[in-house]
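Peer 1: Chains as they are written, first to last, in the numbering used here: chain X, 1 to 262; chain A, 1 to 262; chain Z, 1 to 262; chain B, 1 to 262.
Possibly wrong hints are sitting among the right ones.
A pair holds if it fits inside one copy or across any two, identical chains being indistinguishable in the list.
Unchecked claim - Derived lysine-lysine pairs resembling DSSO-like cross-links, with alpha carbons at most 27 Å apart: (1) K181 / K223; (2) K139 / K62; (3) K10 / K181; (4) K62 / K108; (5) K10 / K151.
No wet-lab data here; the hints were simulated from the structure. Quick caveat, the model's predicted, so the values are computed rather than measured.
Protein chains: 4
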Amino acid sequence: MPTEIRVLEKPKLNAPVFIEGLPGIGYVGRNAAGYLIEELKAKKFAEIYSNHFPPVVLLDPKKTGLMMPIKNELYYRKAKNKDQKDMIILIGDSQSMDPEGHYVIANKIAEFLKKYNVSQIITIGGFATGQIIEKRMPKVYGAATDEKEIKIFEKHGVKFKDTNIGQIIGASGMIVVEGKKQGIPGVCLMGETSGMLLSDPKATESVLVVIAKYLKIKVDMAKLEQRVKDIEKVIKKIEDLQARMVSGAKEGSNDEHLGYIG
Amino acid sequence: MPTEIRVLEKPKLNAPVFIEGLPGIGYVGRNAAGYLIEELKAKKFAEIYSNHFPPVVLLDPKKTGLMMPIKNELYYRKAKNKDQKDMIILIGDSQSMDPEGHYVIANKIAEFLKKYNVSQIITIGGFATGQIIEKRMPKVYGAATDEKEIKIFEKHGVKFKDTNIGQIIGASGMIVVEGKKQGIPGVCLMGETSGMLLSDPKATESVLVVIAKYLKIKVDMAKLEQRVKDIEKVIKKIEDLQARMVSGAKEGSNDEHLGYIG
Amino acid sequence: MPTEIRVLEKPKLNAPVFIEGLPGIGYVGRNAAGYLIEELKAKKFAEIYSNHFPPVVLLDPKKTGLMMPIKNELYYRKAKNKDQKDMIILIGDSQSMDPEGHYVIANKIAEFLKKYNVSQIITIGGFATGQIIEKRMPKVYGAATDEKEIKIFEKHGVKFKDTNIGQIIGASGMIVVEGKKQGIPGVCLMGETSGMLLSDPKATESVLVVIAKYLKIKVDMAKLEQRVKDIEKVIKKIEDLQARMVSGAKEGSNDEHLGYIG
Amino acid sequence: MPTEIRVLEKPKLNAPVFIEGLPGIGYVGRNAAGYLIEELKAKKFAEIYSNHFPPVVLLDPKKTGLMMPIKNELYYRKAKNKDQKDMIILIGDSQSMDPEGHYVIANKIAEFLKKYNVSQIITIGGFATGQIIEKRMPKVYGAATDEKEIKIFEKHGVKFKDTNIGQIIGASGMIVVEGKKQGIPGVCLMGETSGMLLSDPKATESVLVVIAKYLKIKVDMAKLEQRVKDIEKVIKKIEDLQARMVSGAKEGSNDEHLGYIG
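All chains should be modelled from the sequences, with the hints used to inform the complete structure.
Peer 2: See below:
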């Protein structure tokens, strides 16, 4: 069972909106999803395991000595009033390590979303401009499967047309496209970031503002910047790790700086 | 379903000739196929998806914000008179990213062609000489599965014998060879190009002239050069992308120049 | 059958403890497992073969000219008194060469352990600090799946909390985590090593002392240092080999220093 | 069908000896097998195709313009008198490009040999010493699955004991080991070569002399040196090709020196 979704609970959801936030440029997606889960008190109902993740065990960042397998996680949050929608949120430690795995995992997720009658897919990423962004609120760029999606998010200030974005690499793009094959419309929202920050709170906030408005949820941004800083250290280690894995580093090799273990 | 041909329409074709033009040296194949499809008003009837393509979503080059999955496409064009033949044309965004995928995809295509009773396979590529080609019409080199094919195309000026070509890498070769296993004779036509041009209109024209004569179709070359220039920008982005993917670059990594998205 | 466990004998074991020691940092795991097998006169009962091991045949290090396939091996040792526990020990020539193989092999092993009703998994690795360790007995660091395991080994001086270990790469981590999925609690014990020694007898001894105390077995350390030195030469060759394989070296290539054969 | 043996003829063979000679160090194996096939007028009866070979089509080295798929080939030769044995000889364009493929292909071949009731496996390789070999006849080194095989070939001057050979990479080792799993004893004969020659006729001759004596066949070495030189050019191209493929070169990329085609 190379890629597997383990269901812990089967919530009854009403045409939920799906939101994805996995590690990527500026950790915009991961940070946004993490913040949403925390602020909305979303509940975990499934875990995704895959042979395409790095062959690594993470230790609890709280330094308790507990081992945690690499995984992605699915949370849900039910609407609190008529204006809101039920939500499914995807967060995780890692994307696929290899090209083929991106197809396999995105397809598995899309099939799962279809079963839950998901009505819309929103993926979150970062768009790296290579330039320091001075302004308070970075732009949000978008790409979508349908004109209708574009119109919806243009109303919330997302820029879709005449951007310089040529392609979207990895999960944020693949999940939307695989979802579309299942008949689910989707959009990818990308927070403008310099690309020089490991983890960019401003870009994250820009995207969260759009999502909060669109989904009519309240998200208090006060704790965002601190939270983003807190997880930077964890991210740093994972990033370094993945870079070495992908470049074909030998397992169990000695690394003086990070103290990896074989 | 790692590699899949999605049939949109089932045209009735009479022993069609198959023409392949995927991205490769000088984009000779891709440009030739694209021009044929446009000039002949060929109609799309199937799409090919594969886990072996890059795990990337392309954005509409017209900058509308619409997302397009990486795919190959099959078009058909029925003969307009007794001299012509029915045709199937293959075009696409990408070849396989990994060695094994070339076998998988070529085999899938060959089996599909067999079902459509294809009578002949013509693949199009570029042959990079490493030297600037001054002459108006670059040569067309060939390689084939059968002596009969060689004779047919030698009549149209294609050079098969005593070339310095030792091997053909990728789809242009693999599809011919897999087709031969299905009993379909085939030829690979290669336009001479310096190898320094990203996209070489002259080499493309040379091959198109041979094909037009052989298939007794009219192809107006007037718009070719402009069209080739128009798609250079798109090609450039895809090329850069593939180079990084193959060299094991991390998904979602920051790239200052191209602004990739994670 | 890409990854296969060949059972040579079916011993009846009573809720055995499983101990893993494969090649890794400082060869701590491999050396510890080898020493345990020898000292306890453990008996081989199964062999593991996998397509994910290097495509190489080893020659008998005693220079007899006999060929030995790359494999992992499972040994058992029955308790000699009421205080002891039955044991299964894993040792081997190599870990997986590719990321996906780590998942495949660890999963296969975990399923096998479940069948043998294994009660606890102990994996052994090295933790490279990058600094020369002057003290006689290096520390032993730990990570575990459960608080209960942490408490057990903290009593024996293993440090779990507030370490700088962020992740565990390869078999030592993967087998614990896959075992946990099968309901078996586990711990990874890591001997502190500089990371500069190919094979570190002191780190090995530190871990062996913990295991011997915990399992109430007698292990005479007198021969350890000599034994570790003896196998360094063999290790050196395998290490070099794996480094080249992973970095994509061509099979059968010429290597002046090691005299590899094609 | 990723790896497939296509049987062209089903010869009745009496407990044949199997001889392997694929490209490797000094092309000793490939040259020896090619010379045996020619001298003994062995007849092709099967072809091996695999997704693990390079995704490339070769052009006929006679420069006819004909395309030839990458393959391995099986020949047979029936005994001419009571002293001789029936033989199966494996030759080919390439070994597997990836580590896993070595396992897959060797296993496929071993199962095939079992069906043909093969009594012994002899694989041929080169052992690169890194030093110019001045003497007329280079040594032949050996490694085997059984003491019995060692004794047989020691009588013919092959050196098995106290060599510096630590491992055998690729097909020459893997086929012997996979054959042994099928119950067939095997030996790997390695001609001593400097490792600096692309293709070493002397090392090839040394191995051929051993095989000819052992199998009581007559092999006229007169044409060997010329023949080896003739195929050097072809080899050169394949070698360069494989080096690039393995190092992750993009398909269809431009190469000024070799004129590859996309």
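Peer 1: Determine which of the earlier numbered hints do not hold for this structure and return their numbers in increasing order.
Peer 2: 1, 4 and 5
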